[in-house]
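The residues making up each chain are set out below.
There are 4 protein chains.
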Amino acid sequence: MPPAPNRAFASDNAAGAHPSVIEAVLEANTGHALAYGADDQTAECEQRFNDTFGAPVVTRVCFNGTGANIAGLATAMGALRGPHHAIVCTNWSHIAADETGAPERVLGTKLIELPSPDAKITPTMLDSVAHLQGVQHHVQPGVVSITQPTELGTLYSPDEVSALCARAHDMGMLVHLDGARIANATAALGGDLAALRSFTIDAGVDVMSFGGTKNGALGAEAVIFLRPELAEGSEFVRKQVTQLPSKMRYLSAQLNALLRDDLWIDLGAHSNAMAARLDELVRDIVGVELDGRPQVNSLFPRLRREAIGPLRDWCFFWDWDATVNQVRWMTAWDTTEQDVERFAAGLRSLLTELDSDCRAS
Amino acid sequence: MPPAPNRAFASDNAAGAHPSVIEAVLEANTGHALAYGADDQTAECEQRFNDTFGAPVVTRVCFNGTGANIAGLATAMGALRGPHHAIVCTNWSHIAADETGAPERVLGTKLIELPSPDAKITPTMLDSVAHLQGVQHHVQPGVVSITQPTELGTLYSPDEVSALCARAHDMGMLVHLDGARIANATAALGGDLAALRSFTIDAGVDVMSFGGTKNGALGAEAVIFLRPELAEGSEFVRKQVTQLPSKMRYLSAQLNALLRDDLWIDLGAHSNAMAARLDELVRDIVGVELDGRPQVNSLFPRLRREAIGPLRDWCFFWDWDATVNQVRWMTAWDTTEQDVERFAAGLRSLLTELDSDCRAS
Amino acid sequence: MPPAPNRAFASDNAAGAHPSVIEAVLEANTGHALAYGADDQTAECEQRFNDTFGAPVVTRVCFNGTGANIAGLATAMGALRGPHHAIVCTNWSHIAADETGAPERVLGTKLIELPSPDAKITPTMLDSVAHLQGVQHHVQPGVVSITQPTELGTLYSPDEVSALCARAHDMGMLVHLDGARIANATAALGGDLAALRSFTIDAGVDVMSFGGTKNGALGAEAVIFLRPELAEGSEFVRKQVTQLPSKMRYLSAQLNALLRDDLWIDLGAHSNAMAARLDELVRDIVGVELDGRPQVNSLFPRLRREAIGPLRDWCFFWDWDATVNQVRWMTAWDTTEQDVERFAAGLRSLLTELDSDCRAS
Amino acid sequence: MPPAPNRAFASDNAAGAHPSVIEAVLEANTGHALAYGADDQTAECEQRFNDTFGAPVVTRVCFNGTGANIAGLATAMGALRGPHHAIVCTNWSHIAADETGAPERVLGTKLIELPSPDAKITPTMLDSVAHLQGVQHHVQPGVVSITQPTELGTLYSPDEVSALCARAHDMGMLVHLDGARIANATAALGGDLAALRSFTIDAGVDVMSFGGTKNGALGAEAVIFLRPELAEGSEFVRKQVTQLPSKMRYLSAQLNALLRDDLWIDLGAHSNAMAARLDELVRDIVGVELDGRPQVNSLFPRLRREAIGPLRDWCFFWDWDATVNQVRWMTAWDTTEQDVERFAAGLRSLLTELDSDCRAS
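Chains as they are written, first to last, in the working numbering: chain A, 1 to 361; chain B, 1 to 361; chain C, 1 to 361; chain D, 1 to 361.
Hints in this document: simulated from the structure, not taken from any laboratory. There could be a bad hint or two in this list.
Now the stretches of chain A that chain C is said to cover, found in silico as 3 or more residues with beta-carbon under 8 Å [what the hints assert, rightly or not]:
{"hint": "1", "stretch": "76-88"}
{"hint": "2", "stretch": "230-239"}
{"hint": "3", "stretch": "259-273"}
Note that this is a predicted model, so its numbers are computed, not measured. Where a beta carbon is used, it is the ideal one built from N, C-alpha and C, also for glycine.
Here chain A stands alone, though its shape is the one from the complex:
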């Protein structure tokens, strides 16, 4: 095998922290600052999110993605008068599949998981829960939670989000957006703040998680209440769900570094570009099956089965659906062209060798 990439394709969660983030943490580390958000970095962070969304939003800094989802959804459940309101999402959604049941435990709320081939929800799909409304034996559809980009790497267009929000609001529901990889979506959909706003605040999203951790932070996320009146009680809810950072300045400083000059969008654009480049380099290799072009920073190829083990030993990645030999390759803000080229070269070499072994035998 050729030299392995310096960075594997396991996850953007495996990437390190961006130098600007590190620098911001160091700068924030000067003397004392009041805990729990009464510090300068947090005030700056709140202002930066107002500027980012072009409106007076309410920002609640949290530790991690699951926590931000829970804190946002818990507050939304409060606005809806409680857990007899269900959260409608897809079977792929992180809250349904990858949070060990945190929503059910902490919110006491049922998730209605709509099967979706592309991890997206359409207005028409919401119709399937309309018959629950008003019947005392059924949970009441309360929040529709979408992920942008989705867990399958697909994207909602701004129009799609708008249409979904309109339908949800017509049904008396709120809209939550899990933006753990919001930077990748923003970069893919225009690459500026107007793009961000087009599929969030302008489209009618009520509350969202804004991810930093997967995009160059050490670990920092925020819940953004795009409709401030929904944020009532959110400071208590955040603490109650264990997501109030004591030395908040260090998390806010990370977010500030990412928000400054829209660095977060640049990082998202870079990881998207690396995924696109990887796709170009491997799409035609025999033994690699790929569906459409990657929209953000992940590829979900089906590989010749014998290749998966050796390839992973050489450069790590995760299985996606082992029953069909499907894996996930994910780029990050720090993935380099060299990483991508080395990986493609190694893959090509491995599959060629397997192929010739096969022919020889």
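Knowing the structure of chain A, use the given hints to seat chains B, C and D on it.
Positioned in the frame of chain A, the structure of chains B, C and D alone reads:
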């Protein structure tokens, strides 16, 4: 007023991060590392905790103190078969008074708050809940949770913890220790690992929170299961209660920096010493009432009422019990002798002036 | 010992069902009726409660007292936007002491238990939680829950309830009343619907449990939302907390039988009278210590220790506080004069005998 | 239209109480009896369930079906160490679809709803959750909950339940059976206690709900722990989830009446027979589409759309799936041959008329 201290006495949560912690984070920031604990720093952290306690404990790194308490207690509730088991604590305990009801919400568990003048629980006090046992109308005492040092800055001796654990175990209960300021207790009770072990693992404590944030970390805590069999399921529980850090290496690195060469004990000893020094300097000032000598890093003086506002404006601290003019002064790992001396000087100057104003009028 | 009473003094829960209740159930048992409340008896029950309170209240029939408390409080929590709002009650309150932690588990809500010598809450006592308001580390006082008559057999006057409601509403709180023995309170405070209204709807109570089980029903309770706008979502909440009866007609029929011609008040008056009579007959017996006259249907005497076992073997009752030889004697709707007289005679005989044994030895 | 049936086909929940049940309640209504299960009827009930299952089971009487499911599942969750264990069920299951999210709220547990065309779960279907095991991001399959007969009126054979239990136990899971209509299943699968045991205790089911309400009771259900060691703590759990009846004797008496001489099986057999008879009479009517013969007491016909409204106005029943003109007809213990014949006659008359109208136009 004389020059103000460079660091106020608001909280050890307001202190910055220790240089060794910062350095460790920078060192951990090299390339990719698998998320969610499958990294070298976390493996090292687990080993360091084994060494610290002299036994194969189970370590679960968490974000913050409330989270570590919840993750540990949730796992303990599991071992006890669920939330019909109550947590017995004092009315002062952080879990009862300062976590916005997180235990009730996330655990679904009742807290039985025993009134305690010094924030400590004695074996005799446990007798007051014995009549609940076996009666289906009452929650069943399941866990006794103590804080060391307590929220009032008092300490359990190792013998006191041992006696309490013995009684609790006799009653079929588990013992949880909230060690958000474990360093201060360890420093005060001997200042070495033997001291730590004497009031935790050797005394019979089952599970504890081990605090780093208040002692020089950016933000890092751990749940330590001192009886490993109680840790069953704890990895799922941690995720479910939103306390699984994705880029865990950065938290583990902080803890490693603190554990290396027992730096954490040195930092605790320093903040304790600064509190003792402050006590010496202010104890005899007219207008300052202090009870016993500080055992760890906090003083709870009652001040002449007119002094509180001006003093706070000059150098911030929090009220403790406004109805009796009681405030809290807390030192930190980075409090300096100069900070203490300046504060004492300012206090003396202010009270003298108020006194002369008073006599003049 | 003389002949034992036909009915013991264990609890009004131990009493049978009133003939009118039985008759109503038999009458309701004719053919089919739609389940879950869409039946004639339930419609009648809702109308009867409107008439009883003189206003269009919202009635939700439930199975039992704990269930009615939980269903009412869960709905109130919803109106307050969720479980970061605490329920303020006394240490004696049924929800705090005798429901095995149901509120914490099902509501996820903290109970703040105010110590109270007479199981009552005064407006001044509410001041003790005012400092929690607006601080993100603390639960927010959301509901004050009182019991009328209290678990100690004491009564709030209408003015006391009014004053408490006024203070609670000023603090942004709701008022819940646990009326498991509402009949006894109503009988004691005037004995007509005006009396009931004076300490409930007219006093400002927002939501209450209305008890039937302890007052001659087989088993039937209701949550009454005295302010109908608070009832939003209550039909879903009731089902979600497992309190929706399928064949609701049989529960509604029981309540109708009790409400018809205010039978419920007559039954409460009778059991109150039996307690008063018992008090008269035993108050002067040497070896019996009683504080004030009973206000409703329970006595809490302290007895000569040696008498308790033999007396209980002869005619059952429960201990109240064994450490001070205090027991509870409770009358019911079906307690007779003969029961009371036989019990007093047996008690007198036993204590006399013990006394002469004592003198002899 | 011909004369309408005296009893509609809405639900077995709409049926009245059987005379033996009423008689038992009247007989239980003699004098005082201790509350909360310390009464003779409850002791008898526990013995009767031991005899019914031929083993020392643990019986917990509850109010309703949702409550019995929740109390049983909550106890099972305790045995599994808590809510990070999911409940696997079908999309049709009552706990998933018809309990307004009670499991999620009260248990804090995720339900994994497997799509199933016949509302049954096969061992193979359990394989679809095996990949979750041991991964900290996913809930852990803890309980598989089946319904017998299912919500679609289908039946598991004893062998099918045995095979499912074996697979579940191999995976470390427990098996819960919702037996809200256990009588209909028992009658259909042999009609004696051996039949009952064959698909419950003998097959390996761990805990079940045993329904009385839909089979001639006023309202009474029981949780039966077929493996008594799983019942640890169940008395506390029952109270905590609001399902402890105070005057339990009246519920136990109902169950005793049903269990005596296996009346419950006779009633189930009768309602099954009435459904079979209805099926015979209507199967060939033009405008009625039925799939297989009814296995228990429900039919799910698709009707000519125009017939549904008039038919329902004449004799009530519920829609099942309005989008395909499917309705549900359900018989009960008290459905008579005349009811069935009248209904069939009316249906035939209506459809004939519609048909001739159609031809005429």
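Evaluation of the provided hints:
no. : hint    : in the structure
1   : 76-88   : holds (count 7)
2   : 230-239 : holds (count 7)
3   : 259-273 : violated (count 0)
Taken one by one, the earlier hints fail for this structure only at number 3.
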